[in-house]
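So you can see what is in the structure, the chains are spelled out below.
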Amino acid sequence: TAREETPAAPSNGGGPAASAQSAAPSADGCTLEKTGYPKVDLKTAVVGFSQSEKEANPFRITETQSIRDEAAKLGIASDKLLVTNAQSDLNRQISDIKSMLDRGAQLLVVAPLNSDGLQPALDAAKAKKVPVVTIDRKVTSQPCTDYLTFIGSNFVEQGQRAAQAMAKATGGTGKVAILLGSSGNNVTTDRTKGFKDELAKTPGLTVVAEQTGEFDRSKGQSVMEQLIQSHPDITAVYAENDEMGVGAVNALKTAGKSPGKDVKIVSIDGTRNAVQLIVDGSYNAVIESNPRFGPLAFQTLQKFENGEPIPASIVISDDQYDESNAAQKVGNSYK
Amino acid sequence: MTATTEVLTAPVLEVAGVTKRFPGTLALDDVSFTLAPGEVHALVGENGAGKSTLIKVLTGVYQPDEGELRHLGEPVTFKRPIDAQRAGISTIYQEVNLVPLMSIAGNVFLGREPRTKAGLVDWGRMYADARELLKGYGIDDDVKRPLHTLGVGAQQMVALARAVSTDAKVVIMDEPTSSLEPREVETLFEVLNRLHSEGIAIVYVSHRMDELYRVCDSVTVLRDGRVVHSGPLKPLPRIELVSLMLGREIRQIREEGVTAFGEEHDVEREPLLKAENLAGMRKLHDVSVSIRPGEVVGLAGLLGSGRSETARAIVGAFPLDGGSVLLAGKPLKRGRIKAAMRAGIALLAEDRKTDGIIPNLSVRENIVLAALPSLSPFGLVSKAKQDRIVKIFMERLRIKAASPEQKVSELSGGNQQKVLLARWLATGPKILLLDEPTRGIDVGAKAEVQALIDELAQEGLGVLLISSELEELIDGSDRVVVLRDGSVAGELTGDRITEENVLTAIAAESTGGDNDVHRHP
Amino acid sequence: MSTATLERAKVTAWLQNYGVYLAVVVLLLFNVAFTENFLSAANFRTQLVQAAPVCIVALGMALVIGTEGIDLSVGSVMAIAAALIPLYLGAGPLTAIVVAVIAGVVSGLFSGYLVAYLGIQPIIATLALLVGGRGLALVIAHGQLVQLHNHDFLQLGTGDVLGVPIMVIVAGVLAVLAGLVVQRTTFGRHLVAIGGNRPASTLAGLPVKRVLVSVYVISGALAAIAGVLATSRLGASDPSDVGLLMELSAITAVVVGGTPLTGGRVRVLGTVFGALLMQLVQATLIKHNLPDSTAQMVQAAIIVVAVYVARERSSR
Amino acid sequence: MTAQTTTASGAAFAGVLQRQGAAVVLVLGIAAAWFAFPHFGSADNLRNLVLQGSFLAVIALGMTFVIISGGIDLSVGSNYALGGVLAAYGAQYGLVVAILLPLAVCSLIGFVNGLLIARTGMAPFIVTLASLLFARGLLLALTAEGATTYKVDPGSAFLWLGQGTIFGIGVPVYLTLVLFALGGLLLRRTRFGQSVFAIGGAEQSAVLMGLPVARTKISLYTLSGALAGVAGILTAAYLQSGVTVIGVGTELDAISVVVIGGTLLTGGAGTIIGTLVGVLLRTLIQNVINQIGTLDSNYQTVVSGAFLLVVVVIQRLLARSRTR
Ligand SMILES: Nc1ncnc2c1ncn2[C@@H]1O[C@H](COP(=O)(O)OP(=O)(O)OP(=O)(O)O)[C@@H](O)[C@H]1O
Ligand SMILES: Nc1ncnc2c1ncn2[C@@H]1O[C@H](COP(=O)(O)OP(=O)(O)OP(=O)(O)O)[C@@H](O)[C@H]1O
Ligand SMILES: [Mg+2]
Ligand SMILES: [Mg+2]
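From first to last, the protein sequence lines are chains A, B, C and D.
Numbering-wise (my numbering), the first sequence opens with residue 468 and increments by one.
Numbering-wise (my numbering), the second sequence opens with residue 67 and increments by one.
Numbering-wise (my numbering), the third sequence opens with residue 2 and increments by one.
Numbering-wise (my numbering), the fourth sequence opens with residue 12 and increments by one.
Just chain A, with the same shape it has in the complex:
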């Protein structure tokens, strides 16, 4: 799956922008004509971006920055790009989106806080004939009618790929501990499902513990410390994000084990810290979840305005880091 990408503008540590897995536009895609929305010129339009959480982790920081950078690159005036942050409050995100519509947003890019529950905001956009591109998280509404399209990773597939990487790293046998993301989060659900379903295909691998580390390094570290004590036979850890994976590495090191060797570690995200650990030999694989949606999001909107059909969802081709490529690709990771 790993295709070589031409690196985008080196604004965030020079990683490549997200790119679509299959570039071929499906004929039944969504078009401007189908929606009956007015045509707007991207260069002069008011564009709104609704971020869901504080920019307090690498993913969110890179994601927002990517949107801002791309807008700047396209020459969109800074007062024409509206940015809001919902501070992890779903009601607030809805209100943010409505408020941007009210302030004249003609195109919207939304990083949803949750897959469900944005319906009122999408309805408001629809009423104003404003196309909405959701990034990084898919919403459970109707594409083309409720929103234009989704651009982002397939979280289930990320889980599957993590399981495959796990099988490869362990040679197909071992006892696996899962560090789950926050409870109730769609990402957690999908990454767990993908991983477990795929892992079932490798009978040598069994899951001996699954505990939440809340996507947090220290929580991941604490949980791992406990698991090392109660299950000294653990040979592999699947962390649903890099932070918890790094926490697990800390825990294993303190316990005198050597992560990456005695205990294999696979996680998802592609942050610099985790990828660097692969290079250092104490980590095994990282499935990328690329947050640099800016270029693809604007491209998609441009295409839509050009009258081209847009597929219902644009799954990006996430990279993967392992022992074989981490050293060359460490520059692609984000921080």
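Note that these hints are calculated values from the structure, not bench results.
Be a bit skeptical, because a hint or two may be false.
Taking lysine-lysine pairs in the PhoX-like style, the calculated list, with each CA pair at most 20 Å apart, reads [as the list claims (entries may be wrong)]:
# : chain 1 : residue 1 : chain 2 : residue 2
1 : A       : Lys501    : A       : Lys596
2 : B       : Lys473    : C       : Lys11
3 : A       : Lys770    : A       : Lys506
4 : C       : Lys11     : B       : Lys404
5 : A       : Lys501    : A       : Lys547
6 : A       : Lys724    : A       : Lys642
7 : C       : Lys210    : B       : Lys399
8 : A       : Lys642    : A       : Lys720
9 : B       : Lys340    : B       : Lys449
In silico negatives: residues of chain C with every beta carbon more than 12 Å from chain D [stated by the list, open to error]:
#  : residue
10 : Glu8
11 : Phe31
12 : Ala34
13 : Ser77
14 : Ile103
15 : Leu128
16 : Gly134
17 : His150
18 : Leu157
19 : Gly164
20 : Val171
21 : Ala176
22 : Leu178
23 : Leu270
24 : Thr295
25 : Tyr309
Listed next, with one range per pair, are the computed distances between beta-carbon atoms [as the list claims (entries may be wrong)]:
#  : chain 1 : residue 1 : chain 2 : residue 2 : range
26 : D       : Gly132    : C       : Gly160    : 41 to 49 Å
27 : A       : Glu775    : D       : Val35     : 52 to 60 Å
28 : C       : Gly120    : D       : Leu188    : 30 to 38 Å
29 : D       : Arg199    : C       : Gly120    : 22 to 30 Å
30 : D       : Gly132    : B       : Leu92     : 19 to 27 Å
31 : D       : Gly105    : B       : Pro89     : 57 to 65 Å
C-beta: ideal position from N, C-alpha, C; glycine also.
Starting from the known structure of chain A, fit chains B, C and D with the ligands onto it as the hints suggest.
For chains B, C and D with the ligands alone, kept in the frame of chain A given last:
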């Protein structure tokens, strides 16, 4: 309502063999007590004798460990105060128990607010009713105002109005007059008479002999949790009653006299403390007081005349707009309690519940609290030093406690007061400001406290004595300063200190519209 | 019959005083019996190390609660301390630690001032800091987690002295100090008196405001120390997550340890055991691989039971 | 004499300011935003503002009662989320279930809170902290650790509760107003309300005065739980699904708006209308932050914290100047 003149045989309220234990104390020991309809029954005893506890048993606050309660001849159990109230028993507790932030009217009718047809609280009617009702108790203030804007005495009257207006068959009063001024006491007695004539039975707790003989028909004397006497009051000579309470010989008491103050003190010329032209917060306008070493200065005045404020201002606990306090010629920093304390001024505050005891702490810790820094080299507490001090004062003031480690909140009111006095004496003060030091204290303890004040003055302490009991003030003071409306209205010395002169000074010019006696707008 | 009630009163009084120790023992026994690989030095080490930051914060919290206050800002103070570490680590670990602790002291001064001098309710004064403080930490750190590499600094979180982890030593020393302060200094006795009756303490000439401010300063400083230790253990400064919900864990530890929220009483050893109890509960839940849902409900039940047993009974 | 009356009227003015301070700030804030931001005054924006505020308002209504009684309820956030999930779950079985199920469960949690607080004398803070955990745990248990999101059928009549409009304004807004009117009536015009004030003002006195203290407390927490449930119901209808991630930290928001509205955390004093003003202020601030648009998201929390502080400090200073 016509007075019920027919003789009812069944007592309204009866207590049979009730015992109540607290950890470390037997508060009530096989107590029996009978309240006949329409009688005013005095309940007396020393501090800690068990009066308040008995009352709390009668009103469902405490459940007896043994024995039973009978209401109109039927055994009853009051699980909660509401049960007693439903049975027509209304209580005014020793400490005002109302809701300070709530309006006056709201307090009077709390829990039984008049309602409109729709079942909603009828504020209009409530205000009107409250206004009407309170007039009978000498309160003309705006009933919509929060209760805490009233003085303590007026609050007590509100509590009384509330208790009486509940269609009660029994009204229990635990030291109702201790925070009332003379005029309010009169009003109270009028109310008592009215209740009496309506056939309502009254339990009346007080340490004031005059009052008891004025209003009560019968008496029950408690000592150490046991009933030592019960019967009609009038035939019982005063002196005998006192001896029953104290458990001491009559002769012994005769020798000691009514108040325990001795003769005048040798007073030095130069005042040790001079407070000049104190003014602040619209409560004090112009008060000057001076105290010489070895002198007891009485501060007289009506409730709300600013006596407490004067005392508080001297130690810096009352914000002043003007005036100065000089100790031995040196001005004290305004508003710094600590500085006043270091200079040797101690204030025994009026309200021991809110301004005095630290309920969670032991008797020992309460006593040493203010003296702690001096007992603790380098800020480190020394238990041995504390124990010595505590022992001395517990003995000297005869503090009745299971041990120094008993929680102070478990002591009776009078003993708590002694603990506070000990706290201040332990700091070795030069000037002692005593705000109602004998309020709510039994005769025995009162005499002890009074004797103590005398002794302290003899040792050279300057004492400022605030008391609402004229007798105490007149007997105890070498000089009396009379306050009126936050200003000095007169000063009496030597032979001129008589009840009549003090009253004249208090009353002078206190003309007609003395509705605002409780408080100034 | 009355002897029976007396007996029962004795038992409840005993439980009230020693319930938390009993609970820790019971939980330990449960684990020894039902948890695999529980009886190992490494495991106890893990539990103690993990409990250390909560315990340190809870000590400060116990003092604050003793004055009838509460300090919700501790988690955010930890975050601020964490955010400052990488900025000053260049000047040596000691400098960085001192700066972090100073930040804790300053925020304690701030909330202490609001509470003591302006008379603002502790819960609301520190709530403002809880909300704003983490934002501030993130602003300082530009929202970034910073990986730390200073060996000496990292030693704090991972090293040990004579086989005892440094974190545990720090927590132990601080606990002993806190115990001494409460029992043996005028400051400690003042603190308890103020919590018991503030107007009376004022009239007794106690330095009420100074004590209040000091208490919040201590709490802030201890939170900062906990932030430093947590950062060191993590090997990274993570202002967005460090100390998240710490205020609730610390308050739980204090209350479960028998210190009433109404003030006037501080139980230091109880607080330490409260922190240990909650740590053991969590460990037990994780080791038995219970799902998050069950884990949260079990914790709720344990808190209620523990506090029920330790509560101050009104004499009825 | 005249000096006295002027200071008296000055004090009265300060009193009004203290009680209505939040309202004054709100009016000024709205006026300023109206002039500063061209889009602020648009009907859409205002409609959006009040709708967004209504969910928190319902929760804060219950919190107001609890705080006036001198207590606190930390469980409302979790309870709110649980209510939402239960409503969405119940919607499969029709409108009645969708409403009654969350109401019953959330009230029950509130009831247990009240029972523990009133009957055992445990501190509200710690009891409701435990039930915060419990309700969240229950929610996770009901949704397979948060993996299941119950969706409401788009045709369901239930959705009207959240998404319907009357004269262009969202139904939740009307419901909120009705609840606040009832709440005001309950607080000001019933014996229950008076008991709430009395308990918050002087609990021991309330006991001695024979008020049904325990019963009132239990009712209070039940009410708070029920209102959190109502907010959950409205949210589920608004979002068309039982979202599991809502309500985290909502208890702190609710406490903040109640306090900003002038209700004393010490209990015994407070108003319903103040809480409404507090909610609107909070929504206004968020809206203004959006209108400015350039504020870093991390700064936003600094601003919210600072705002809370400023309001409380001003209230406090005014209260002081009044007692002077
Ligand atoms: N809650 C309590 N816990 C423990 N002991 C108590 C408690 N209440 C009262 N006591 C003890 O019971 C005894 C009787 O106290 P009570 O308050 O009834 O005395 P009293 O006659 O009202 O005294 P006073 O005239 O001082 O008010 C005292 O020894 C007191 O220490
Ligand atoms: N606005 C008020 N708020 C609270 N308490 C008040 C207020 N006004 C008066 N009081 C209290 O009422 C009591 C009587 O008022 P004040 O202290 O002025 O009278 P006093 O002359 O000291 O009389 P006494 O000492 O006999 O009570 C005092 O204890 C005072 O603290
Ligand atoms: Mg008494
Ligand atoms: Mg007075």
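Consistency of the hints with the structure:
Among the hinted pairs, Lys501 of chain A with Lys596 of chain A is consistent with the structure: their alpha-carbon atoms are about 12 Å apart, no more than 20 Å. For the suggested pair Lys473 of chain B and Lys11 of chain C, the alpha carbons sit about 17 Å apart, so the restraint of at most 20 Å is met. Of the pairs offered as hints, the one joining Lys770 of chain A and Lys506 of chain A holds, with about 11 Å between alpha carbons and a cut-off of 20 Å not exceeded. Among the hinted pairs, Lys11 of chain C with Lys404 of chain B is inconsistent with the structure: their alpha-carbon atoms are about 42 Å apart, more than 20 Å.
Taking the CA atoms of Lys501 of chain A and Lys547 of chain A, the gap is near 26 Å; set against the 20 Å cutoff, the hint is violated. For the hint pairing Lys724 of chain A with Lys642 of chain A, the CA-to-CA distance comes to about 15 Å; that is within 20 Å, so the pair holds. Taking the CA atoms of Lys210 of chain C and Lys399 of chain B, the gap is about 17 Å. The hint holds against a cut of 20 Å. Annotation: proposed proximity of Lys642 of chain A to Lys720 of chain A holds, straight-line Cα distance about 18 Å (limit 20 Å).
For the hint linking Lys340 of chain B to Lys449 of chain B, the alpha-carbon distance of about 37 Å lies beyond 20 Å, and the restraint is violated. Once the 12 Å rule is applied to beta carbons, Glu8 of chain C is consistent with being away from chain D; the minimum gap is 21 Å. No Cβ of chain D comes within 12 Å of the Cβ of Phe31 of chain C; the nearest lies about 20 Å off, and the non-interface call holds. Every C-beta of chain D lies more than 12 Å from that of Ala34 of chain C, the closest at about 25 Å, which supports listing it as non-interface.
Not every beta carbon of chain D lies more than 12 Å from that of Ser77 of chain C, the smallest distance being close to 9 Å; the non-interface claim is violated. No Cβ of chain D comes within 12 Å of the Cβ of Ile103 of chain C; the nearest lies about 20 Å off, and the non-interface call holds. Listed as outside the interface, Leu128 of chain C is inconsistent with that label: its C-beta sits roughly 6 Å from the nearest C-beta of chain D, within the 12 Å cut-off. With 12 Å as the threshold on Cβ separation, the claim that Gly134 of chain C sits away from chain D is violated: the shortest Cβ distance comes to roughly 7 Å.
Annotated as non-interface, His150 of chain C keeps its C-beta farther than 12 Å from every C-beta of chain D; the closest such distance is 25 Å. Leu157 of chain C, annotated as away from the interface, keeps every beta carbon of chain D farther than 12 Å; the closest lies near 27 Å. Its beta-carbon lying about 36 Å from the closest one in chain D, Gly164 of chain C satisfies the requirement of being farther than 12 Å from that chain. Non-interface status of Val171 of chain C relative to chain D is upheld: no Cβ of that chain comes within 12 Å, the nearest being about 27 Å off.
Every beta carbon of chain D lies more than 12 Å from that of Ala176 of chain C, the smallest distance being close to 22 Å; the non-interface claim holds. Distance check for Leu178 of chain C against chain D: the nearest CB is about 26 Å away, which clears 12 Å, and the non-interface claim stands. Every CB of chain D lies more than 12 Å from the CB of Leu270 of chain C, the least distance being 19 Å, so the non-interface label holds. Not every Cβ of chain D is farther than 12 Å from the Cβ of Thr295 of chain C; the closest lies at roughly 7 Å, contradicting the non-interface assignment.
Not every CB of chain D lies more than 12 Å from the CB of Tyr309 of chain C, the least distance being 6 Å, so the non-interface label is violated. Distance hint for Gly132 of chain D and Gly160 of chain C: a CB-CB separation of about 46 Å, consistent with the stated range 41 to 49 Å. Separated by about 55 Å at the C-beta atoms, Glu775 of chain A and Val35 of chain D satisfy the suggested range of 52 to 60 Å. Look at Gly120 of chain C against Leu188 of chain D: about 34 Å separates their beta carbons, and that is inside 30 to 38 Å.
Checked against the hint of 22 to 30 Å, the C-beta distance between Arg199 of chain D and Gly120 of chain C comes to roughly 27 Å, which is consistent with it. A hinted range of 19 to 27 Å for the beta carbons of Gly132 of chain D and Leu92 of chain B is consistent with their spacing of about 25 Å. Between Gly105 of chain D and Pro89 of chain B the C-beta distance comes to about 58 Å, which sits within the given range of 57 to 65 Å.
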